Amino acid sequence: MTIVKENEQRMLDAVEKAIQQHGDSRDELIPILTDVNRTLGYLPSEALEEISRKLKSPRSQLFSVASFYHMLSTKPRGKHVIQFCESAPCHVVGGREVWQALQDTLQLDSGETSEDGKWTLITTSCLGLCGVGPVVVIDDDAYGNLTAEQIPAILERYND
Amino acid sequence: MKYFRSHVLVCVDPECLNKGAHQVIDALNDELVATGLINEVQVLETSRIGGCANGPEMMVYPEGVHYAGLTTDDVPFLVEEHFLKGRIAKKFLIPGKSIEDEELSAPTSKEIRVVLRNCGQIDPENIEDYIAEDGYMALGNILSSLSPEDVIEVIKKSGLRGRGGAGFPTYLKWQLTRNTPSDLRYVVCNADEGDPGAFMNRRVLESDPHSVIEGMTIAAYAIGASQGYVYCRAEYPIAVATLNRAIEQAKSIGLLGDNILGTDFSFNLEVRMGAGAFVCGEETALMSSIEGNRGEPRPRPPFPSVKGLWGQPTNINNVETYANVPQIILKGADWFASMGTEKSKGTKTFALAGDINHTGLIEVPMGISLREIIFDVGMGIKNGKEFKAVQTGGPMGGCLPKEYLDLPVDYESLVQAGSMMGSGGMIVMDEDTCMVDIARFFMEFTQEESCGKCTPCRVGTKRILEILERICDGEGRDGDIEQLEMLCQEIKSNSLCGLGQGAPNPVESTLKHFRDEYEAHIYNKQCPAKVCKAMIRYEIMEDSCTGCTVCARNCPVNAITGERRQPHLIDPDTCIRCGICVQVCNFNAIEVV
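From first to last, the protein sequence lines are chains B and Z. Residue 36 in this note's numbering is what sits at position 34 of the first sequence, and the numbering runs on without skipping anything. Residue 69 in this note's numbering is what sits at position 55 of the second sequence, and the numbering runs on without skipping anything.
Note that these hints are calculated values from the structure, not bench results. Predicted, not measured: the structure shown is a model, and the values here were computed from it. Glycine residues also receive a C-beta, built at the ideal position from the N, C-alpha and C atoms. There could be a bad hint or two in this list.
Here are the in silico distance ranges between beta carbons for each label pair [claimed, not checked]:
1. ALA155/B to VAL564/Z: 20 to 26 Å
2. ASP29/B to THR86/Z: 44 to 50 Å
3. GLN102/B to GLY268/Z: 24 to 30 Å
4. LYS526/Z to GLY25/B: 34 to 40 Å
5. ASP26/B to TRP349/Z: 24 to 30 Å
6. SER66/B to TRP349/Z: 44 to 50 Å
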């Protein structure tokens, strides 16, 4: 099997699995998109096309939903997504230094993905973990009470 | 239900999990089996109990002993000492910290815990814990002895109003939904808690999910709904998981689903997740998102109680509103109405943040003054500084100065003062805060989160932000203040939903109470709080500088020069005002002018 076909199969499998879990109703669009986004890291236009066929909804509608929500991405993302909380309570307890350390260590700006496809750095709205700010979430792991010095060691954990 | 002589509550928040909380739980259970204590000691998972700095952390009840820093290797020792010999294992004890919860500490004398009563006290993953605290008793009572109209009457008498911020009487919403003719009605819980700094709802969902489920079920019975949704933001994955598990457990013992408690009342509940859009906290946008569309608001009327989800009558309340309901049914409307003021009854949860000594969640009776909240419950301003302002009601609320400290916290008083109750975030600011900068910060947020559907909000917030940025950059012009005032007025009166209508509040309230700061920025090119970078300079005081070179070595742009042991100098043209030199200087020799 060629690489292209393998990728296509992976995409189709992801869509199939999400629709099987949530059902092929239009109401379930956001959970379906969220699942596919999670499996593939983003929503490729081929995946949107496939979902559009299965849900019998126009692609324009799907794209309008996919582009509306911050957590859905129509652009490829890195293997690990780093979310930095940029809201006021984290900002006032040293968030700015942590953000600078993230940008310096990864050599990335907000919204960028590293060339090797390992990291994507994004900011997020309040995660409600204000008691332990500044907060960074990497994939599904939350890290609180952070200082700039801790950043390199934390990123080390994702060497796989 | 089984009885245990001792309960071990192990914190399983992400930080403790990283430090091996699950492995310690497994080791504890293995050891309890090996020592034959498994039927006497129960190990439970719980939400945050301490700082997690030295995790995994655990509480052992009934003693209320707080242990931390255990590894799996320490477990046999702990079990032998504590549970076999009955001695406290001092090695792992956190002294003087028997119940320390960084988000929610023991209530102070001015607090009353109604909504937060179970948080940190019960295992949110076990429905039996909730039932042991009189859980689902209110549901049982109404199903056996009250008609839906009676339930609405009780809620009416209690005076409960919407805790999402607007304060609409809850009974009226229920009644309107009930009285709209339809075969199908919905109950929705708004758990899209997006205000930065507000996490009261997350805590309730994670620590006491059944109180919300029970409240919603009672509401469903009262309005005649058979289907409900909890719309929870995707930023709260643990709350979603906890809720889903709680719903499964309630279903498995007949407290949700078909024929609840053997009656012919049926109610199904589902969790719907957002995907990151602040505007979805607005009720019409929220419904649009549940239906699988872009979360854009639509004009009201028709209100959701008449035409809501999929065009059917829908009752939408906030997490905290529902969590109050079972207590009102159990303890009576009079009990609830005895707390608070004439028009605002009961208690309200707040999340204290900013320059205040005691940050975290509190729950106080309505009508308490801002002064009592900030200085008695919140223990005053950090580092002995002066109080400057408090921002209530989140990004759509207003900033209130010290003249308003004696304002009673209720729906009407806050609106009259130019702010609002909001969902309950409270950001306290000290004398070092620049109010123009704060207004800019909130405007940045609302501008970013504006959904873009209506022009006043989409374009207006952007224009306000541009003017504020200009003022903060030292390029404010004569006439900016008047233009801001006009823009605020237009956006307020012409926007489609609460986001746009509330967006100018931080600007309007700071203009009203701190106009002199705007004027200083615009006309004198000065930032009185010394925050706005374009208008400040860093200077090294010759007398205090020892010439240790620390500042010069840490300056990212090499703007500091000087010989060792000689006073240094900062070149203001090269300096980028990052402030690193101030942080690294050991002699407080650098000042902002």
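Going through the hints against the structure:
1. Between ALA155/B and VAL564/Z the beta carbons are some 24 Å apart, a value that agrees with the proposed interval 20 to 26 Å.
2. In this structure the hint that ASP29/B and THR86/Z lie 44 to 50 Å apart at CB holds, the actual value being about 46 Å.
3. Remark: the range hint 24 to 30 Å for GLN102/B to GLY268/Z is contradicted by a beta-carbon distance near 55 Å.
4. Range check, LYS526/Z to GLY25/B: Cβ separation about 52 Å, and the 34 to 40 Å hint is violated.
5. Checked against the hint of 24 to 30 Å, the C-beta distance between ASP26/B and TRP349/Z comes to roughly 49 Å, which is inconsistent with it.
6. Look at SER66/B against TRP349/Z: about 49 Å separates their beta carbons, and that is inside 44 to 50 Å.
The structure does not agree with the numbered hints 3, 4 and 5 stated previously, though it agrees with the rest.
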